[in-house]
Amino acid sequence: MRFSLGKWLLPVYAALALVFLLVPIVYTIIFSFNASVKSNILWVGFTLDNWTNVCAERGVCASVGTSVLIGLIATVIATAIGTLMAIALVRYRFRGRAAVNLLLFLPMATPEVVLGAGLAAQFLSVGFGKGIITIIIAHVLFCISFVVVTVKARVAGLDPALEEAGRDLYGSSFAVFWRITFPLLLPGIAAAALLSFSLSFDDFIITRFNNGGVETFPIFVYTAAAKGVPAEANVVASAVFVLALVIVIIGQASSAARRKRLARVG
Amino acid sequence: MAFATLGTIGEATDRVPLKRSRIAILLLLPGLAYLALFFLAPLVSLVFTSFEKPPDFADIGQFVPAFNIQNYFDVIAQYWPHFLRAFGFALAATFFALVISYPLAYFIGVKARRWPMLQAVMLTLVIAPFFVSFLLRTLAWKALMSDDSALAGLFRFLTVLPNDQHLTGTWFSVIFGLTYNFIPFMTLPIYASLERLDIRYLEAGADLYASPRSTFWRVTVPQSAPGIVSGTLLTFIPASGDYINASSSFLGSVQTQMIGNSIESNFLATEQYPLAAAMSVLLMAVILVIVIVYVRVSGTEDLL
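Note that the protein sequences, when read in sequence, are chains A and B. Residues in the first sequence are numbered consecutively from 1, following our numbering. Residues in the second sequence are numbered consecutively from 1001, following our numbering.
Same shape as in the complex, but just chain B:
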C-alpha cells in the first residue's frame, strides 16, 4: 500500500504554476528539517560509530572516533550466521505470507466485489491483528505451541516432532511467527492492486480460448505485480530486521538468533556500539541492494 501510493497517486497537476514553489518549500520545511535531523543525521552517525575503537584505557561502552574498518571484518567473521538466518528466515516468511495472502486478497478484491458488506468485513478482519499488541500476539503463538498444546501434540502424532524436542525455539516457530505477523502487510497491497483489476480483461482472456490457468498467470498476476512487489518488500524488509520472533523469550532460542538480536544485545546489553553500528550499516546496505535489484528486475521502478 505504502510503496504503491507514494509515487503513483496524485502527481502534481499541471494547472499549478511552478512559480508558487516557494509556498511548497515552506510547507515542506518542517518535515524536511525533521527527517534531516532525526533520520539522515542518525544514519550518518551510525556510519561514524561503526568505525570507532576503544581508547587505550577504556570503560565499558567508551569509544573514540577512528577509522577502524576492522569492526566490519569482526562483525562478518563472528555474525555471518546471524545475517544468513535473518535473510533466510525473512525470505521464507515472505514466501509463505505470499502463498497465504494472494488467494485471500484475490477473493476479497475480485470474487467478493458483488457483496460490498462481505468485502468490508473481510478487510476489517485482515487489519484486526494491528489492533492487538504485536508482542502479545507473538506470545499467544508461543503458548499455542507449548509442549502440551494441541499443535505440538499434532506434530508429535505425525512424528514430525520428536518427543524430546520443543516446537518453540526452532527455525520453524520463528518463520511461523514472522509469516503470521506480516500477512496483513502482504495482503493489503495485493488487495489494492487486484481491486482495480478490470474483470473484462479476464473475460477477454476466456473469449480468446485461454484456460483459466493461463488467464490467471498471464493477465491477473502481471496486473497485480505492483501489489506483489509492495507486499513482498513490506514483509521482507521488516522481517529481516525483526528480533522479537527470534528472541528467546518469544518464539526463538539461542540457535535462532537473527542479526536484529545481535544488534540489540551489542547495543543495549554489552554496549559494543561500534559492532552494533557496523551490523546495522551492513543490514541496511544489503537491504538497499536487494530492493534496487528486485525493483529493477520486476520492472516496477515507478513504484518508488
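Chain A on its own, in the form it takes in the complex:
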C-alpha cells in the first residue's frame, strides 16, 4: 500500500492541536509536585509535601472554600431560574418570545469586563457595599443564560405525550411536573448545574470588579501572580481537574448506557 501524506495529515494535525491544548494542563500538574520555596517557576525537585499539606500556604484553602460556597449558592439560584425560563421558552407560545431570547443572548455577547464594570457602577450608585453577596449576584447573572441554553435542548427533546398521558390519568399540574417533567429533565438540569458551578468557580474578571476584598480562588491566584504563585495553587487546580474529568467520564458512560438501553427497548 502506498503511503499517502494526505490521509495522515488530518489525524496528525488534530492530534497536535489536542497536544497543544493539553500542554499547560500537564505543566500545571507537574509543577504541583515541585519542591519550590516561594515562586513556582523553576523546577527544584519532586515532593509530595504540597499535596499532603495544601493548607500550609496561607490563603489557598480559605479562598477555595469561599469559591465553593459562592459556586454552590450561585448554581442553585441560576439553575432554578434558568430551568423555569427554558421550560417556558420551549413549551409555551407567547408574545415577546423573540425579545426574551434576545435578552438571554445579550449577556453572553457582552464582554465580561463590561458586565463587571456595569454591576460595579450599579452597586456604587445605589450605595450597596461590595462583598460575597455582590459576587453571588454577578455569578448568577452570567450563569442564567448558559443554564437556559443547556436545559432548553433537553426540554425540546422531551415528548409532550408523556405529560399528556399524566394529565389524562388525572394528575394535577403539579404532580405532572414533579413526577414526569422534572425527572425527565434531570440530566439536562444536572449538566446545567455543573456548567454553572465551573463557570462560577473559575470566574475572575466579573468577580474582580465586585469582590470588595473577598478572596475567591481566582482572585488569590491573580494577587499571587505578581510575586509568584505557590505550588499549593497547582495542587488545587490539579485536584479540581481530576475531579471534573471523573464526573465527565461518569456522565458520558451513563448516557452511553442509557442509549444502549433505549436501543434495546426500541
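Treat the hints as calculated values from the structure; they're not laboratory data. A portion of the hints provided could be inaccurate.
Think about it this way: if two alpha-carbon atoms lie no more than 30 Å apart in a straight line, the pair counts; the simulated DSSO-like pairs of lysine-lysine are [unchecked claim]: (1) Lys1053/B <-> Lys7/A; (2) Lys260/A <-> Lys1053/B; (3) Lys1053/B <-> Lys130/A; (4) Lys130/A <-> Lys7/A.
FRET-style restraints, in silico, Cβ to Cβ [as the list claims (entries may be wrong)]: (5) Ala165/A <-> Leu1144/B: 42 to 48 Å; (6) Asp159/A <-> Arg1022/B: 22 to 28 Å; (7) Val1099/B <-> Val26/A: 19 to 25 Å; (8) Leu1040/B <-> Pro183/A: 32 to 38 Å; (9) Tyr170/A <-> Arg1022/B: 19 to 25 Å; (10) Lys7/A <-> Gln1078/B: 38 to 44 Å; (11) Ser255/A <-> Gln1223/B: 23 to 29 Å.
Covered by chain A, according to a simulated footprint, are these stretches of chain B (three or more residues, beta-carbon under 8 Å) [as the list claims (entries may be wrong)]: (12) 1037-1044; (13) 1122-1129; (14) 1138-1146; (15) 1172-1184; (16) 1268-1276; (17) 1284-1295.
A virtual CB, placed ideally from N, CA and C, is assigned to each residue, including glycine.
The hints should help you fit chain B onto chain A, whose structure is shown.
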C-alpha cells in the same frame, strides 16, 4: 454552541395553545426580573456614569451626575491605541483559533464518526482546559515562554527573537495566549454543526466530479457556516474584552495593554469611574455593530 442552540432548537410546538401563556409569564418572571435588575439596569447605570463629571471640590472617586460628553472624546483621544490593540489582537486570535480548530472539529465530527469512543475521548480533551483555572493555564504559558525556556531558545535559534528581548510581554505572546484560551469555544460549535453534516452530500459532490477541494469549499464549509459564525463570535467577543492575557503579570506588558486593562485600572485603581464607563460603553457599542454586520453579511440571522 450557545448561539446556535439559542434560537434554533425547540421552537414552540403548535400543540400548546396560546391561552396558557399566563403560565409562561409566571415561569419567566423570576429570570426576567433578575436580568432587568442586574443586566439591563447596570448597562443603563454605566451609560449614566459615563457622562458624570467631578464636583468642584472632589475627593478621588467622587463624581456628580452631568451630561459631560467630553469624557468620550477624552477616552478616544487617550485610549485609541488600546481599542485598536483590543480589536486587532482579538481578530488575530480569532483567525488563528479558526485555523487550528476547524481541522480538529472536522476530524472529530466527520472522520471519527466510525469510532464513537475516539470521538468521546477527543471531545473530552477539547473541553479539558475548562477544568483547569484559566489564570493558571495562562501562567503556565508564561513560564513556558520565559527567557530560558525551550520555546524562547527555539525562537532565538531561528533568529526570530533577538538575544536581548523577551518572548513574553509582546504582541506575539498576547495573541498566542488569547488563541490558546479560546480554541475550545471555537472548536465546539464547529464540531456541533459538522457532526450533523450528511456524508451523502460529500458523496454527491464526488459523484458529480467535483474535486475534494471544491466539495470542501462548496459543500462542507457552507454547511458548517452556523458553527463558524458561532465559534468566531464566541472567540472574538470575549477576546476583545479580555485583560488577563495582556496584563503585565501574565503574558503582556505596558506596550500590549488592551482596552480591558484600561477599564480595569480606571475603575479599580484610579477610580476614574466616568472614563471606565465611557470605555465600556464604546467597547459594547463597537462589538454590537460588528456582531450585527457580521451576522447580516454571513446570512445567519436566524442564529440570534
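Hints versus structure:
1. Lys1053/B <-> Lys7/A: Distance ~64 Å between lysine 1053/B and lysine 7/A Cα, so the pair is violated.
2. Lys260/A <-> Lys1053/B: violated, 65 Å
3. Lys1053/B <-> Lys130/A: The given pair, whose Cα atoms are some 23 Å apart, holds under the 30 Å limit.
4. Lys130/A <-> Lys7/A: It is violated: about 57 Å lies between the C-alpha atoms, which goes past 30 Å.
5. Ala165/A <-> Leu1144/B: 42 to 48 Å: violated, 58 Å
6. Asp159/A <-> Arg1022/B: 22 to 28 Å: holds, 24 Å
7. Val1099/B <-> Val26/A: 19 to 25 Å: holds, 23 Å
8. Leu1040/B <-> Pro183/A: 32 to 38 Å: Roughly 35 Å apart at Cβ, these two residues keep to the hinted range, so it holds.
9. Tyr170/A <-> Arg1022/B: 19 to 25 Å: holds, 22 Å
10. Lys7/A <-> Gln1078/B: 38 to 44 Å: Violated, at about 55 Å.
11. Ser255/A <-> Gln1223/B: 23 to 29 Å: holds, 26 Å
12. 1037-1044: Holds: 6 residues of the region 1037-1044 of chain B have a Cβ under 8 Å from chain A.
13. 1122-1129: Satisfied; 7 residues make the cut.
14. 1138-1146: Answer holds; 7 residues pass the 8 Å Cβ test.
15. 1172-1184: holds (count 3)
16. 1268-1276: holds (count 3)
17. 1284-1295: holds (count 4)
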